[in-house]
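Go ahead and model the full structure; you've got the sequences and the hints to work with.
So the chains spell out like this:
6 protein chains.
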Amino acid sequence: MADEELARAVDFLYEVGLLKRYKRTGWVVAGVAAPESIADHSHRTAITAAVIASMEGADVQRAAFLALFHDTQETRLTDIPYIGKRYLKAAPNTEVTADQTAGLPEGLAEVIGDAVGEYEAKESAAAACAKDADKLECLMQAAEYREQGTDTQAWIDSSLASLKTASGKRLAEEALRTPSLRWMHEAREARPAL
Amino acid sequence: MADEELARAVDFLYEVGLLKRYKRTGWVVAGVAAPESIADHSHRTAITAAVIASMEGADVQRAAFLALFHDTQETRLTDIPYIGKRYLKAAPNTEVTADQTAGLPEGLAEVIGDAVGEYEAKESAAAACAKDADKLECLMQAAEYREQGTDTQAWIDSSLASLKTASGKRLAEEALRTPSLRWMHEAREARPAL
Amino acid sequence: MADEELARAVDFLYEVGLLKRYKRTGWVVAGVAAPESIADHSHRTAITAAVIASMEGADVQRAAFLALFHDTQETRLTDIPYIGKRYLKAAPNTEVTADQTAGLPEGLAEVIGDAVGEYEAKESAAAACAKDADKLECLMQAAEYREQGTDTQAWIDSSLASLKTASGKRLAEEALRTPSLRWMHEAREARPAL
Amino acid sequence: MADEELARAVDFLYEVGLLKRYKRTGWVVAGVAAPESIADHSHRTAITAAVIASMEGADVQRAAFLALFHDTQETRLTDIPYIGKRYLKAAPNTEVTADQTAGLPEGLAEVIGDAVGEYEAKESAAAACAKDADKLECLMQAAEYREQGTDTQAWIDSSLASLKTASGKRLAEEALRTPSLRWMHEAREARPAL
Amino acid sequence: MADEELARAVDFLYEVGLLKRYKRTGWVVAGVAAPESIADHSHRTAITAAVIASMEGADVQRAAFLALFHDTQETRLTDIPYIGKRYLKAAPNTEVTADQTAGLPEGLAEVIGDAVGEYEAKESAAAACAKDADKLECLMQAAEYREQGTDTQAWIDSSLASLKTASGKRLAEEALRTPSLRWMHEAREARPAL
Amino acid sequence: MADEELARAVDFLYEVGLLKRYKRTGWVVAGVAAPESIADHSHRTAITAAVIASMEGADVQRAAFLALFHDTQETRLTDIPYIGKRYLKAAPNTEVTADQTAGLPEGLAEVIGDAVGEYEAKESAAAACAKDADKLECLMQAAEYREQGTDTQAWIDSSLASLKTASGKRLAEEALRTPSLRWMHEAREARPAL
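Chains as they are written, first to last, in full-length UniProt numbering: chain A, 1 to 194; chain B, 1 to 194; chain C, 1 to 194; chain D, 1 to 194; chain E, 1 to 194; chain F, 1 to 194.
Some clues are possibly wrong.
Same chains, same label: a pair holds when it works inside one copy or across any pair of copies.
[Said to hold, decoys possible] In the BS3-like style, the derived pairs of lysine-lysine whose C-alpha atoms are separated by at most 30 angstroms in a straight line are:
| no. | residue 1 | residue 2 |
| --- | --- | --- |
| 1 | Lys89 | Lys23 |
| 2 | Lys85 | Lys169 |
| 3 | Lys85 | Lys122 |
| 4 | Lys85 | Lys164 |
| 5 | Lys122 | Lys89 |
| 6 | Lys23 | Lys85 |
| 7 | Lys122 | Lys169 |
| 8 | Lys122 | Lys23 |
| 9 | Lys164 | Lys23 |
| 10 | Lys164 | Lys122 |
If you are wondering where the hints come from, they were derived from the structure by calculation, not from laboratory data.
Set out below in structure tokens:
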């Protein structure tokens, strides 16, 4: 690998790190005191994509991989809230990704570009699962913030309405019925303390 | 999918969400004021694994998938700092994962269990890339916190020393030479404002 | 005042309140742990505008008034960082202000619209002072964050370079020579404890 | 301008910057997790003063200007909560302002001193509007924190009770009937996404 | 005192300082946005121990002293949440304390070791008061977070159930009936403003 | 215990809890992003008092007890910074304590009142140790914030200058020579991982 490609790879990883510092704008608008980052959201979205893909019979690993990169363009676009979309015209995600991956070792740029392209095209089963994962993750986070005192009903409603897959919808309905810490109470009872 | 499996899938996703709230303990020890979460770390680790795997000729998507789950056990184990490892004996990660995925639709539990097993076994090329991604990500984060004023040299040193792959090492050396916002300054010059 | 106008006035004030929750994006990029809000910045900008206008012989109160509203469009546009301006095309501030003040009692909409229009036109002496106040305020905040450990040199340089008025430039040079807490140490010595 | 006056002007602006770091004490008492700063409060208070003055037929720009400085003394007095007023005897705001502006170019010290004097005297129409803006702003912030989960009823009650102008009272009643994000939902419907 | 003992004393005090940076894990799990530190908890626990001991006729100063050190081992063990106790086997607190105080001037190590030993043995009246103080403090904090919007019922229930002393129980029941800011409203009425 | 006394005891403990939410004002002034609370400071001050008392041959438990309450008046007085002491005249701490403990079971009010009285009188050996603990704790915290990037030299200097006991001075000098995490690096080497 050429020195220049190495430099670009490091730049790319530092750029991706900005997603830890950028908070999800919607939660700032809602008044959440310590909102999650874009990276926080993206991590659970990738795992959610794996879950939905498994239930839908789609490619689990592919769906997770698409989800991993689904908001990486926001290092340059920021996380524009709904209201902002009335006033800001954004370059397409595929174009941003092309800029972000320019100069990377060719195989890598292609792998990332293909993933973003597939996600944005919304055609493959894996893309459908990753898209729904983005929405379901948002709904679950909204439910958690609601438990913690903030009114997030608008986010729950809009996330729920935009789900497309059968599994995504079933999971969303179940999530809205489930206290977010039920897993912990059940896990505590299932196993004695050491 | 049975109702019970659906409930378990939702529980699993809520459990994974705790990784957003848990901060990386090392940075708390170092005195970082607003430290990243485990999910923050895991997101960039997965992308870093993809980069290293691409450079090492390993399975890119597999490496990212392993990295995605590499700290998911910390919902139950917490992120034990080095000093804590002298005083706490932890159950193996594979055992924690088995508990976390119990009751999930069988295919899903297997997919996750296999990923964690492969990562912990440290034998496959993808696992080696994901492991190094965990360390390289930590090193880059330490370098960023150093730019922001905190003394993180001990974390840089120990991360650097534990890298195994040639690509991981080259990336680490380059990362330590690179200001973390260089990508942004270069990107600004490469493209005019709209 | 009609009920509808009253409702619009309340909506407008709630909208302005979002500027308290939105953090200045540049500082998030720089890695500041607890960055100031847009409202924080706007408050000192307004007072800075008064200071510059006083030194420049411009209308002090007018300059402060212009500065007060100079970022109010960011409730809808968000605070787009430099890199984002390569990828996002924003509606003009005057258009956003028109939407924000639609339905307000006519006199009020006009007063605010005129202030924003004058600021954006960059022609009056008061506007020049308010513009420089925006930059000087950023430079002083950058100097404060630098004292607190974060590397903000890029923000200091770009703010300094964009100053236009003689007073703005003199104040900036003095600010860069001045420890930000000098005022307090001097005030403590100037007056005995009660 | 003499060098000494320049130094004082810079000191004054650094001093004002402390209002960004000082949180409003009442919200800390109430248990708000990430409370607004005094500067945050002052920014919306100034705009609120403009709105009330417009409705009351008072001098809009003057009211905003008075509000801009109404809490600037708190760099030296801090934001004493109600309970503290039983145990602390504070120097008058006008005296603090005199100290803060000592050595500033004479015109500037006079402009600021006059504004603080007028505000504290509570006699002019502009001062009445700025005073009510201080209270109305607090009420609206309390309503926002209430939506976000914290019990702030005591602050709503005391703010409401202290309003003096007819417009301040009408705005307060409307604000208590209005969800704080109504403006955004209406703005989204009023304009298509780009 | 030998130089080496002086060094150990300083190390010990820096170590104790980590309790300010470590947040109480339970509140992180519950989703509290800005959770208290272990030191925060320990401070009120010590005062609570004094109150309970006074009511129980136990040694007030001793109970406070035991409480002061009751969580100091968590610099090395961290604050393991309930779920973690299923997966982590911890060294005994007395052993951790022995390591922490090794090399301190002998009298000091003994004083601290005795206090921790007495607390862990759960036999003395002072230890019983300090133990209950730990639980009562947690219950009161849970009640405060509940007022601030977070669902903390599980913590209230488990704290209440684990109280042992009559005074601890009476205080807990009274605390659950009492708004956490009642003291302030009463204090304000009891004394005129200066 | 009468119901009224029980109510007062609960009020007192809720009042003390405010010390967790109040941040130490000096660090806010210095620009520390996430400053410690008064309770944080008080906890280490109490342990520091025990250490100094042990070295000075004073009553260890008494010194810790005095330190525990040394800032409890700040629930009503707030933590007035140095500059504020030029503009605010505060009621004596003993008077505040009398108000805070009014109505408590008589023995308890006396115990607390005696402790505060002894501390404020500055005459006993235990009080001298507790006073120095207050200063030494501040110095060590300043040293830690300095390692984390903030300029706190003024706090180090003033704390150092106000120490009175020989042990306090020796500890301070050693603390300024010691990296705050040395204890951890040494503890890690002294004991193998489990």
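Tested hints:
Taking the shortest alpha-carbon separations for Lys89 and Lys23, both the intra-copy value of 21 angstroms and the inter-copy value of 22 angstroms come in at or below 30 angstroms. Taking the shortest Cα distances, Lys85 and Lys169 sit within 30 angstroms of each other inside one copy (26 angstroms), while across copies they are farther apart (35 angstroms). Both within a single protomer and between protomers do Lys85 and Lys122 lie at most 30 angstroms apart by alpha-carbon distance, with minima of 20 angstroms and 27 angstroms respectively. Taking identical chains as interchangeable, the C-alpha atoms of Lys85 and Lys164 lie at most 30 angstroms apart only when both belong to the same chain, with a minimum of 22 angstroms there against 33 angstroms between chains.
Taking CA atoms no more than 30 angstroms apart as the test, Lys122 paired with Lys89 passes in both settings, with 21 angstroms inside one copy and 25 angstroms between copies. For a Cα distance limit of 30 angstroms, the shortest separation of Lys23 from Lys85 qualifies both inside one copy, at 18 angstroms, and across copies, at 19 angstroms. With identical chains, the CA atoms of Lys122 and Lys169 are at most 30 angstroms apart within one copy only, with a shortest distance of 17 angstroms there and 37 angstroms across copies. Proximity of Lys122 and Lys23 under a CA criterion of 30 angstroms is satisfied intra-copy only: 26 angstroms inside one chain copy versus 33 angstroms between copies.
For the homomeric pair Lys164 and Lys23, the shortest alpha-carbon distance inside one copy (26 angstroms) is at most 30 angstroms, but the shortest distance between copies (33 angstroms) is not. Taking CA atoms no more than 30 angstroms apart as the test, Lys164 paired with Lys122 passes inside one copy only; the shortest distance there is 11 angstroms, against 38 angstroms between copies.
Consistency note: the structure conflicts with none of the earlier hints.
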